[in-house]
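Colleague: Sequence:
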Amino acid sequence: MPPIHAVELAETGVHPAAWRRADSRAEEVFTARYWTDAITALDDAGADIAFLPDPFVPPAPVPGSASGALEAVAIAARVSALTRRIALVPTATVTHTEPFHVSKAIATLDFTTLGRAGWQVDVSRGDDVASHVGRGPARPEQSLWAEAADAIDVVTRLWDSWEDDAEIRDVATGRFVDRDKLHYVDFVGEYFSVKGPSITPRPPQGRPPVVIGSGTAESVRTAAALADVVRVSAPSVVDTARVTAEIHDRAASFGRVVRVLVDVETIVAPTRREAETDLDALESIAQRTYEPSSLLYVGDGPGLAALTGELVAGAGVDGVTYRPLALASGVRHLARDVLPLVQPVPVPGGTLRERLGLARPVSVFAAAAKEIR
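The opening residue of the sequence shown carries number 3 in my numbering; numbering runs sequentially from there.
No lab work stands behind these hints, which were simulated from the structure alone. The structure presented is a predicted model; accordingly, all values stated were derived computationally and were not measured. Among the hints, a few may not be true.
Only pairs whose alpha carbons sit at most 30 angstroms apart, straight line, appear in this in silico DSS-like list of lysine-lysine [as the list claims (entries may be wrong)]: (1) K197 <-> K183; (2) K183 <-> K106; (3) K197 <-> K106.
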């Protein structure tokens, strides 16, 4: 499987002061054109995945920070018809969102992209989010990820609830679906009960890939048991190799194989000196030293391409997720100076599961029904 090259598109960038840059296009961040320009540029340059985060509250305020965000699934839907090969993976948090709605939204995106959709699962932490939504008090991490595991279970069951050939569209008899090939999911758990079936046919990929970040011990356990792709954060190549090995070992304990992508926060410029100047300017605006949550790369395009190759060859990851500190300029440099080096011949279009080397799963209900029949 060729290495995966993904990009996370976070408002004006990962750095909270990115919107203050003259080239940030911050005045356009709530327009469709801002997002279509960025994602189509990455699509044309050969990027494999666009990750779209979806925070329920803005990051902790610092001097010069901005707030506000559009809804990730809606952004993905808007750009789906304008892209040819890049996969669209929005975050849909499960703490304050019903799994039935998530399953329908991601299935719909999979149809509109012809199989290029995925779902990044996250939880909503803290009193701020709980009070914003108003459904209940904040809960501990273990409870949040236990609910997330149930939500993933329900969503995948709902995707499976239509057999692949459930639509018969028999004009003569007036039967659109074969009712025997629609199945109740009948899930009853601690956090919700869902009868099903879905009202949306089975997605083109059967089950769009599930992505989880490895930020906490609870998320790692859930990812190893249920995710198709795990995003990891680590401060160095050596640490990346160690974390990746731990993820694979934990997944193997569940009898599973997962794909691992490592996050790399980036400031790319024509020269390393210019990139360092860009970072200094952001830190000056924010009045604090920037503290990355994963690997931080500050330099030119060839240097980032070399780091990507080192991570894939030396750390055992299946690919990299670039996280530009300043999005507009970051996308421009990734598309022009990095992706042509790491992906000189873009992988042909196809489904996201095919890009990840994952087989299309058989519906659990269809398999059970086949045994009965």
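Colleague: If you test the structure against every hint from before, which numbers come out violated?
Modeller: none
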